[in-house]
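Just so you know, the sequences run in chain order G and E. Heads up: the first sequence runs through residues 1 to 305, numbered per this note's numbering. Heads up: the second sequence runs through residues 1 to 269, numbered per this note's numbering.
Hints are supplied without guarantee of correctness; some may be wrong.
[Claimed, not checked] List time: in silico SDA-like cross-link candidates among lysine to any residue, alpha-carbon distance up to 25 angstroms: (1) K100(G) to F237(E); (2) K125(G) to F237(E); (3) K125(G) to N18(E); (4) K85(E) to E122(G); (5) K85(E) to L131(G); (6) K75(G) to F237(E).
[Claimed, not checked] Which stretches of chain G does chain E cover? Using the computed rule of at least three CB atoms under 8 angstroms from a CB of chain E, they are: (7) 72-80; (8) 92-102; (9) 245-254.
[To be verified] Label pairs and their computed distance ranges (CB to CB): (10) R174(G) to P155(E): 55 to 65 angstroms; (11) M254(E) to D9(G): 34 to 44 angstroms; (12) T20(E) to K75(G): 32 to 42 angstroms; (13) F32(E) to Y129(G): 23 to 33 angstroms; (14) P155(E) to E72(G): 25 to 35 angstroms; (15) R74(G) to L173(E): 45 to 55 angstroms; (16) Q7(G) to S9(E): 35 to 45 angstroms.
Calculated from the structure, these hints are not laboratory results. Predicted model only: the values in this text are computed from it and were never measured. In this text, a Cβ means the ideal position worked out from N, Cα and C, and glycines have one as well.
Read off the chains here:
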Amino acid sequence: MTQPIIQLDNFRKAYGDYVAVHGISFDVQPGEIFGLLGPNGAGKTSTLECLEGLRAPTSGTLRVAGINPAAEPRKLRNLIGVQLQSAGLPESINPEEAMKFFCAYHEVAPRFDLFDRLGLNEKRKTQFYELSTGQQRRLALALAVAHNPKVVFLDEPTAGLDVATRVELHALMRELQAAGTTIILATHDMAEAEEMSDRVAILLKGQIVTIGTPLQITATGAGLTKVSVRTQNGSLQSAGAVFPAVEQQMFKDDYNIYFSSAIGPTVAAIITCIESQGDALIDLRVERPTLEDRFLEITATGESK
Amino acid sequence: MNAFAHHFSFEFRTGIRNKTLLLMNYLFPLGFYLMMGFIMVGINPLFLDVLIPAMVVFAVLAAALLGIPDPLVNARENGIFRSYKINGIPSASILIIPALTTFLHLVIVAAIITFTAPLMFSAPMPVNWLNYIIVFVALALACTGLAVLIGVVSPSSRMTVLWSQLIFVPSMLLGGLMLPYSMLPEAAGKVAQLLPAAHAMNAFNGLAMGRAADFSPWGSVIVLALSGLLAFALAGFLFSWDSRNTTRRGHPLMAFLALLPYAVGILVF
């Protein structure tokens with residue numbers, strides 16, 4: 001197994017009497033997109049800031065690319081790229097100046113090709129405060145990855161972006177991943193986390209309540225799978241059949257909708273019923289619980305791992 | 001171009017591009033200079049003798065004290081310093097580059113004042129150019145140092161204005177710009193010696209303009225230079241990357257140590 005690029009071992013962060021993070025441990029593998037999720041105050045920002053070298057942990061061990069961020073921030077600076085949630089740029093700087101400025105400090109050539117990718121070419125000479133929120137976030141992302149860092153921290157990368165730019169940004173993240181870059185993605189957008197992340201950790205009150213792939217996490221909840229069925233003659237509606245493991249059902253827009261706790265027996269019984277009625281299946285959709293459903297379930301109950 | 005040059009180039013352009021900084025660096029000092037040249041000289045012809053040094057001192061006070069601190073506070077509050085830290089931009093660059101670019105703007109403004117005042121208002125020019133430059137550099141060092149220190153220790157823009165005005169307003173009243181130091185009551189004179197403007201006017205008069213100094217002019221140059229260096233050192237020591245980070249190396253009230261050379265100057269000179 002390869003050496004993890006990020007390691008947290010019993011990491012704890014306190015501010016006076018307030019403990020933001022209670023001794024969490026996890027590893028991130030090279031080239032992984034790792035989602036860090038949690039409601040406000042869960043400890044995401046404290047964790048990220050300590051990994052980025054902005055703050056020192058109260059106790060525990062942190063390693064990013066083998067470096068202790070608090071002890072060796074200078075060694076870390078060319079290995080990580082950070083897209084901060086706040087602007088992080090002077091209001092009168094323009095994208096071209098910002099790219100030259102940051103790349104000069106990283107001792108690499110400016111990456112103006114990223115402006116093409118992120119639709120910023122026409123705004124190269126526009127002052128930062130005149131850019132839209134989406135353009136500001138795209139610029140922040142371009143600056144975060146311009147020096148080809150090994151690890152990129154993205155904090156709400158698609159907040160305020162339109163659909164096309166969001167798709168472009170996701171494609172860029174995939175390219176970075178393909179090139180071996182590790183991405184730590186902190187987001188409130190559960191659909192984005194589910195789509196992009198290889199693994200996800202959900203933090204609650206400074207503790208990891210669950211960690212795994214989005215599929216693993218969504219599979220462990222008590223959420224019901226939604227089965228929507230439409231038939232030629234509407235036989236399911238008229239038969240009034242009861243199917244195994246169905247806990248709720250409804251009829252809407254010509255669809256019979258069932259909420260099942262065991263998808264296999266339910267679907268098999270539905271199909272058998274349709275066939276026995278001499279009816280024909282037009283459409284069948286199975287929607288498993290989303291990461292958002294699972295997240296809401298976890299944060300609502302405050303359950304422990 | 002290296003990182004420092006890129007940083008300097010961007011900050012210098014900001015001093016013209018940013019409307020507030022353009023006002024403090026150029027429009028306010030030059031507008032005030034023209035107003036004083038056209039109006040004050042008519043009311044008080046003796047003011048003509050000190051028009052050049054007084055307006056240069058005013059320009060330095062305005063650009064440094066009113067122009068430098070607020071952008072530093074805003075940058076810290078808006079997370080710009082955090083972004084700089086992540087990208088390896090040293091705190092020394094954050095503190096020194098705004099001072100250097102302001103100095104460059106001030107050289108331009110001082111040159112405009114120095115070379116146009118004789119032509120427009122028949123103001124006397126400096127008689128010792130080397131000393132004129134030395135006093136100007138010492139004054140700029142003192143004021144930019146204090147301004148950077150104010151930006152470092154102020155928790156908000158509102159406090160920045162308060163601290164800056166605490167030096168700027170008394171400097172206008174007691175610093176020898178409008179009223180000669182010799183006309184001040186003794187107690188007010190002592191208070192004036194706590195201000196960079198009074199020392200600068202004293203040094204300009206005694207060393208560069210061929211006029212009598214009220215107290216040791218080289219002493220004033222030393223006080224200005226020492227206080228400037230001390231202010232920069234304190235700013236570096238007290239610097240914090242963000243306002244939420246409570247681990248500061250010293251208490252902000254340590255900033256008052258920058259006034260120590262002025263206090264000693266009262267006793268020595």
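Hints versus structure:
1. At roughly 29 angstroms between alpha-carbon atoms, K100(G) and F237(E) are farther apart than 25 angstroms, so this suggested pair is violated.
2. Between K125(G) and F237(E), the direct Cα distance comes to roughly 36 angstroms. Violation of the 25 angstroms bound is thereby established for this hinted pair.
3. With a C-alpha separation of about 15 angstroms, the suggested pair K125(G) and N18(E) falls inside the 25 angstroms cut-off, and the hint holds.
4. In summary, the hint linking K85(E) to E122(G) is not supported, as the alpha carbons are separated by about 29 angstroms, beyond the 25 angstroms threshold.
5. For the proposed pair K85(E) and L131(G), the alpha carbon gap of about 23 angstroms is at most 25 angstroms, so the pair holds.
6. This hinted pair checks out: K75(G) and F237(E) have alpha carbons roughly 23 angstroms apart, not beyond 25 angstroms.
7. Only residues whose beta carbon comes within less than 8 angstroms of a beta carbon in chain E count, and the segment 72-80 of chain G has 5; three or more means the coverage holds.
8. Chain E is given as covering the segment 92-102 of chain G, and this holds because 6 residues of the stretch bring a CB closer than 8 angstroms to a CB of that chain, at least three being needed.
9. Closer than 8 angstroms: that is the beta-carbon criterion, and the segment 245-254 of chain G has 0 residues meeting it against chain E, so the requirement of 3 is violated.
10. Distance hint check: the CB atoms of R174(G) and P155(E) are about 43 angstroms apart, inconsistent with the given range 55 to 65 angstroms.
11. The hinted range of 34 to 44 angstroms is satisfied by M254(E) and D9(G), whose Cβ atoms lie roughly 38 angstroms apart.
12. Between T20(E) and K75(G) the Cβ separation comes to about 38 angstroms, which falls inside the hinted range of 32 to 42 angstroms.
13. Distance hint check: the CB atoms of F32(E) and Y129(G) are about 28 angstroms apart, consistent with the given range 23 to 33 angstroms.
14. At roughly 30 angstroms, the beta carbons of P155(E) and E72(G) sit within the given window of 25 to 35 angstroms.
15. As the Cβ distance of R74(G) to L173(E) is approximately 47 angstroms, the hint placing it in 45 to 55 angstroms holds.
16. The hinted range of 35 to 45 angstroms is satisfied by Q7(G) and S9(E), whose Cβ atoms lie roughly 40 angstroms apart.
Figure legend: structure checked against the earlier numbered hints; hints not met, in rising order: 1, 2, 4, 9 and 10.
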